[in-house]
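*Asks:* Chains A and B are the protein sequences, given in the same order. 123 is the number that the numbering used here gives to position 107 of the first sequence; each next residue is one higher, with no gaps. 41 is the number that the numbering used here gives to position 39 of the second sequence; each next residue is one higher, with no gaps.
Do not rely on the hints blindly, as some may be mistaken.
Simulated crosslink set (DSSO-like; lysine-lysine; CA at most 30 Å straight-line) [said to hold, decoys possible]: (1) B:98 <-> B:70; (2) A:25 <-> B:83; (3) B:70 <-> B:59; (4) B:98 <-> A:25; (5) B:59 <-> B:83.
Think of the hints as simulated: they come from the structure by calculation, not from any bench. The structure presented is a predicted model; accordingly, all values stated were derived computationally and were not measured.
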Amino acid sequence: NAGVTQTPKFQVLKTGQSMTLQCAQDMNHEYMSWYRQDPGMGLRLIHYSVGAGITDQGEVPNGYNVSRSTTEDFPLRLLSAAPSQTSVYFCASSYGVSGANVLTFGAGSRLTVL
Amino acid sequence: GQNIDQPTEMTATEGAIVQINCTYQTSGFNGLFWYQQHAGEAPTFLSYNVLDGLEEKGRFSSFLSRSKGYSYLLLKELQMKDSASYLCAVRDGDYKLSFGAGTTVTVRA
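Full structure from sequences and hints, please.
*Replies:* Laid out in structure tokens, this is it:
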């Protein structure tokens, strides 16, 4: 099992460029989510999905789009990158959202926007 | 939304005990998690509490008081490899998981 796989690990963008961060899991998890992690601010939820075809906004959704066409994949799209989106992005998944469902995290994607 | 507070940094000596406190305010409560995150790596699960009391798992224990909105993570017999950031996370009434900013623990020889 690969777990949660994120690509790319590192990316440098110029302001205004668009890109997609890929996330795939092979654990048949229904719940998938994207967090960003900034110094002193902890992990903040961007978007999440409770199953294929269902997505919803988290705490900091502006500037990001997601879709969930399959159970396995949950890509995060930056529409027009801004320096404020410089961060480390983590994709995480779990079987469900209730009780002791534990989030499994990908290795992270470090994005720099110039 | 949620408000989760934990200390920014703690330092302790190898072999000692360290207690990391976490206080939270949430609209609905569906469990509290502790994660460990080494520098440059992904968070990994340490413990889960949903009922009041102490959960022990080897050298690590976690305590919860729902009425006080309070939890702590206790690390015993500290080892150098325990130097990491420890994240407190609370699952709210809508089942979203929110994280505190993390506590960086440095273990010194």
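*Asks:* Please go over all the hints and tell whether each is borne out by the structure.
*Replies:* Hint check:
1. B:98 <-> B:70: holds (21 Å)
2. A:25 <-> B:83: It holds: about 24 Å lies between the C-alpha atoms, which stays within 30 Å.
3. B:70 <-> B:59: holds (23 Å)
4. B:98 <-> A:25: Within the cut-off at roughly 26 Å; holds.
5. B:59 <-> B:83: Holds: residue 59 (chain B) and residue 83 (chain B) sit about 17 Å apart, inside 30 Å.
Going through the hint list in order, the structure satisfies each hint without exception.
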